[in-house]
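Participant: The primary structure of each chain is shown beneath.
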Amino acid sequence: MHRIGIQELFQNLTQAFSETLLMCGVSIGLAILLGVPLGLFIFITRKGLFWENKILNFLEGLLINVIRSTPFVILLVLLIPVTQWVVGTTIGPLAASVPLSVAAVAFFARLVENALCEVDRGVIEAASATGASAFMIIKDVLLAEALPGIIRGLTVTAISLVGYSAMAGIVGGGGVGDLAIRFGYYRYQTDVMIITVISLIVFVQLIQIVGDLIAKKADRR
Amino acid sequence: MIQFQNVSVVFKNRNKEIVAVRDTSFEIHKGEIFGIVGTSGAGKSTLLRTINLLQRPTSGRVIVNNRDITGLKGEELRKHRIQTGMIFQHFNLIHTKTVFENIAFAMKAAGKSREEIKKRVPEVLELVGLSDRASAYPSRLSGGQKQRVGIARAIANNPQILLCDEPTSALDLETTNSILELLKQINEKLGITTVIISHEMNVIKKICDRVAVMKDSEVVELGDVYDVFAAPKHSFTRQLVNHTLNLELPDRLFNEYGERLLKIVYRGERAEEPIISDTIKNFDVNLNILHGKIEYISDKPLGVLVVHIDGNSENVSRAERYISESVADLEVLYA
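Chains as they are written, first to last, in this note's numbering: chain A, 1 to 221; chain B, 1001 to 1335.
The following block holds chain B by itself, in its conformation from the complex (with noise of 0.2 Å):
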């Protein structure tokens, strides 16, 4: 659906080169919600506006349904952004319009006759639960509901494409979360393929398909948000994930328990069974949990515990060994 094929973007600031986003290639596919994350700074939004090229790729080619976008200009390019909606960390509403014509003013760009603007307005305000709001000016609604007026006016002229640059970062929790539900409905509904750029794994986590993690310009890891999660390769996604699993231990048990701390993961249907209980009658080790939980991602279960393994050191290893053989992942955190 959307390839990026070598894209680059470079910014010219007097003297000096900024690389924005550097030799990116990956691909969308049709109807998924992906993620892209990283820390601010590492490119994302860059890489997400140059599908509707809000930004121009400096080099490398943006392929939008088997189509080279790259180079639109004029008329092919307004056509392309119809086709393309995009929602915004801010909302960008327009101050002095209501809902209605906010969502009017999209519909209008399409070149669409007032009796249909008439007609979809009313369908879009309902979908995004909005039906009351049509002529109340974007000041007088909470950041939730001017995040939902974004969204009816994204997907007004029916896009096949869904943009959204940081859709939840001015939110609340609460808030967050319903928003992030209706784009996921939105997704499952209308087929629309939805990319969605965050700072938080979180967000990623609670709706994403397939993730693409970016530091220093460059794509460091993708994959299923599930696999990304429990095992994620590259440090920086490590890191990342491990706050998101919010599994930092207290450095006082480092120090209490001098010796072997041991991090388990659990993927699938493993996660159900009596791997503990197991070790601990068959090698004759104990096992002490100090740190636990247990993750749904995708509907998946996505086990996490940290322990502390003591016996004679024999059977410590031996009990390593069956323990790393049933799970998922075996991590040594202290030895």
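Isolated chain A (complex conformation) (with noise of 0.2 Å):
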């Protein structure tokens, strides 16, 4: 059985979070450009706001949790055709990102209508007493003023999104998680399981420390 050296370990190393950065990209990318205005939709159409509309609001909820309640594995093969359909292929680090932009659309979108729940519903009311069109508060009061914590959830679906990338060897997208699977465990080098799984908890704590300081950065409570 081959056994890695430290200069082909950092090699793996540098390969694994180039793959880690790109399926984590394409999915935090997504989950911005899609759970926002998911989040905003399934808030927005609560009892109460400017689009109530009870069965909106419940076919979105369900599809949320039916999308967070499957374990990420199982969606991971259930999506195997629509990852087919939209990248061409079912193998590699681009494929896997399919069904990770899917489960973090659904993941960030929770976490964005959590945040817009957390906005006084005072100041709402005192922005459509000015006669202010739905659009701009949605833009100047529901997004500004949950900014801060939008920016908190994204960081967490970051970090998850690091953490589901591992289950991405399955697909052979690769990425540190599954080199940390195929060397650390399948082939007993505990040494290589080490190294990746400190430089995961590095790369965490990063995210979660630029996280913090943007988010302090956008309160101004």
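Derived by calculation from the structure, the hints in this document are not laboratory data. Check the hints yourself; a few may be wrong.
The calculated DSS-like cross-link candidates involving lysine-lysine, where the alpha carbons are at most 25 Å apart (straight line), are [to be verified]:
no., chain 1, residue 1, chain 2, residue 2
1, A, 139, B, 1112
2, B, 1016, A, 139
3, A, 54, B, 1016
4, B, 1118, B, 1108
So these bits of chain B aren't anywhere near chain A, every CB distance computed over 12 Å [unchecked claim]:
no., residue
5, 1103
6, 1134
7, 1314
Ideal Cβ placement from N, Cα and C applies to all residues, glycine included.
These two chains come separately, so use the hints to put the complex back together.
Facilitator: So, in structure tokens, the structure goes:
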């Protein structure tokens, strides 16, 4: 059995990090692009808000919960036909990005909704009383006031994605987590596992620090 | 200016119906400061919110400027709200925006251009006395300053109506007075019809021209603030007024003066006549003043005295007749 040395490990690690970054980057990007509107939509269709719609609100909540309650490994397999259709292959980091993105969007949408719930109803009411349009209220009140919470949610999402991406090895996605499993677990190279895990911890910690910093800057309360 | 015609608001809560406002009709005149007073849960806030349709009446109509606004929707409703400023108990400023941006938000809502906003915001900030805080975030301001920003935001679009929902209830006494002073000043300067809700008669007494008293979802009394204070008709109003005039006597007095205690209310110019000394001279009775106060409401004096009257019974009843003919109101508190 091939055991890898330090130099090879670092090569592998660099490769793995670029794969992780690709998978997480794509899914984070999509989470922002789709998760924010989705979370916003589920919030404003709530009771007492300007697009109040019980049915839409229920259906969207259901969709999010279905995705979120499906174990990621299952989602990975279930979405294989979709992945094939979207990226033309079912193997590699880009293919793994598809199920990751689906999970990320659902997860983040819920966190965006939670952040919006924290917005003071009185402020929304005051904005409505000025005669502002729904668009203005969404942009200048809801999103502006919820921004610190949304950024914190994004941090949580990004960190969860790093964890999820470890399972991407199943579809040949690669990544740091996969490296740890392949060498550290399957080949009993504890040293490799420890180094990979430490580098993952550092990576996650970095995301947390940056996220906290930006959230703090955005928070004016 | 603002007419309520049989306005009712009913909240349906599962299988219970809660009536917040019951069949209310009255009118608020152009340019006046109108107060709505009552305990919490009396429906004042709900009634106020029907004026800009933050709350839609369940039945009845609200007429503003001779136009029925009850059914307004979409663009029309937005236009109506732009013409109607509102301030809140908890100020409700956007925390993530500066003072300038908060006011600019209301003007953007009204479709004002960037140049107009740049010109107008310093004007309203000066009017409310906050010229130097334009770039501050709300968290850096005191309660009184936040309410001033709220007022600036509410009047930035030169509305015809200013709605005030418990504007001073979260403020201390001194700040309350300065905010009330500012609201009065704005009312006089801009001629803006102002509707103020409060649970405190003191607030009403300080700046309102007329007042409606609400209890259990209904208006139980309505009139000039001076009249309501001088001669409250409904028992609930009387209770509110007594609280404000602070005429509670210790029980001890009722026990010690086991005889006639009179409450004498003077109004207007009569407050200056020497009725007490005349009574003592002419009717051979003793009058002992136990409590007294002269309040100035809308610049008119309102005097209240609690006296103990003593003498032979015929003289006492003649004296009482004389007093009640000379003053606005005579009430026997204890006989």
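Participant: Does each hint fit the structure? Answer for all of them.
Facilitator: Results of checking the hints against the structure:
1. A:139 with B:1112: Holds. Residue 139 of chain A to residue 1112 of chain B sits at ~17 Å (cutoff 25 Å).
2. B:1016 with A:139: violated (37 Å)
3. A:54 with B:1016: holds (21 Å)
4. B:1118 with B:1108: holds (11 Å)
5. 1103: violated (10 Å)
6. 1134: holds (15 Å)
7. 1314: The claim holds: residue 1314 of chain B sits with its nearest Cβ about 64 Å from chain A, beyond 12 Å.
Against the hints set out earlier in the document, violations occur for numbers 2, 5.
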